[in-house]
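Trainee: Residue-level listing of the chains:
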Amino acid sequence: GAVVSQHPSWVICKSGTSVKIECRSLDFQATTMFWYRQFPKQSLMLMATSNEGSKATYEQGVEKDKFLINHASLTLSTLTVTSAHPEDSSFYICSARGTDDQPQHFGDGTRLSIL
Amino acid sequence: GESVGLHLPTLSVQEGDNSIINCAYSNSASDYFIWYKQESGKGPQFIIDIRSNMDKRQGQRVTVLLNKTVKHLSLQIAATQPGDSAVYFCADAFSGTYKYIFGTGTRLKVLA
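Those sequence lines, one after another, are chains S and H.
Under the working numbering, the residues of the first sequence are numbered 1 to 115, in order.
Under the working numbering, the residues of the second sequence are numbered 1 to 112, in order.
The hints are simulated quantities; they were obtained by calculation from the structure and are not laboratory data.
These figures come from a predicted structure and were not determined experimentally.
Positions of the beta carbon are idealized from the N, C-alpha and C atoms, including for glycine.
Watch out, some of these pointers could steer you wrong.
Said to hold, decoys possible - In the EDC-like style, the derived pairs of lysine to aspartate or glutamate whose C-alpha atoms are separated by at most 20 Å in a straight line are:
1. LYS42(H) with GLU52(S)
2. LYS99(H) with GLU87(S)
3. LYS42(H) with ASP101(S)
4. LYS56(H) with ASP108(S)
5. LYS99(H) with GLU63(S)
6. LYS99(H) with ASP100(S)
7. LYS41(S) with ASP84(H)
8. LYS42(H) with ASP84(H)
9. LYS99(H) with ASP88(S)
Unchecked claim - Which stretches of chain S does chain H cover? Using the computed rule of at least three CB atoms under 8 Å from a CB of chain H, they are:
10. 33 to 47
11. 73 to 85
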């Protein structure tokens, strides 16, 4: 149980394009989803918290117009990296949880490479 | 956890031995603690969690110990196997927000 699917797993695109990443909870309803960014050999840094049906809460320093988050249903959240540039290249990981006191379960991440 | 930069500590353990991975956290208000295992190119996988009203919790081959006095968390893996090789992250959270703070991570290498 508690499977989170993230798609795509790898994307390479040109500078200036926008990229959408999907995060789905497959066997539970996720009231809250989280988006993280991870640099090589580093820990996970929380970018934003997404609650179904409401606006995402962004961490300090994360541009909300750059990283658009939509959480339209209890099983799907999307992260769109708008006008991506090489410095946006990273490993993006989503997580989801059911109730507040349940652990977060993570997707397998999306490796984003901007040329 | 405390994320302190680019250095990733490594623990090398002989196959069959027990492993102990340590973690420090800084927020005295944290009351929920979790361990994750991350294999290369994948997302973190939940291992075990513990709440602040406990100081020990056991799972299958794993034990988490919590010392709130010194804000320290450890993960013990019994009879370490090659499949245990991965990076292990601790995370702490306050039940008011359940927003995780991840530690730096420790790479576990299992030697045959």
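Trainee: If a hint holds in the structure, say so; if it does not, say that too.
Mentor: Taking the hints in turn, this is what the structure says about them:
1. LYS42(H) with GLU52(S): Distance ~25 Å between LYS42(H) and GLU52(S) Cα, so the pair is violated.
2. LYS99(H) with GLU87(S): violated, 26 Å
3. LYS42(H) with ASP101(S): violated, 24 Å
4. LYS56(H) with ASP108(S): violated, 29 Å
5. LYS99(H) with GLU63(S): holds, 19 Å
6. LYS99(H) with ASP100(S): Between LYS99(H) and ASP100(S) the Cα gap is close to 10 Å, so the pair holds against 20 Å.
7. LYS41(S) with ASP84(H): holds, 18 Å
8. LYS42(H) with ASP84(H): Holds, at about 14 Å.
9. LYS99(H) with ASP88(S): Violated: LYS99(H) and ASP88(S) sit about 23 Å apart, past 20 Å.
10. 33 to 47: holds (count 7)
11. 73 to 85: Per the Cβ count (0), the hint is violated.
Taken one by one, the earlier hints fail for this structure at numbers 1, 2, 3, 4, 9 and 11, listed in ascending order.
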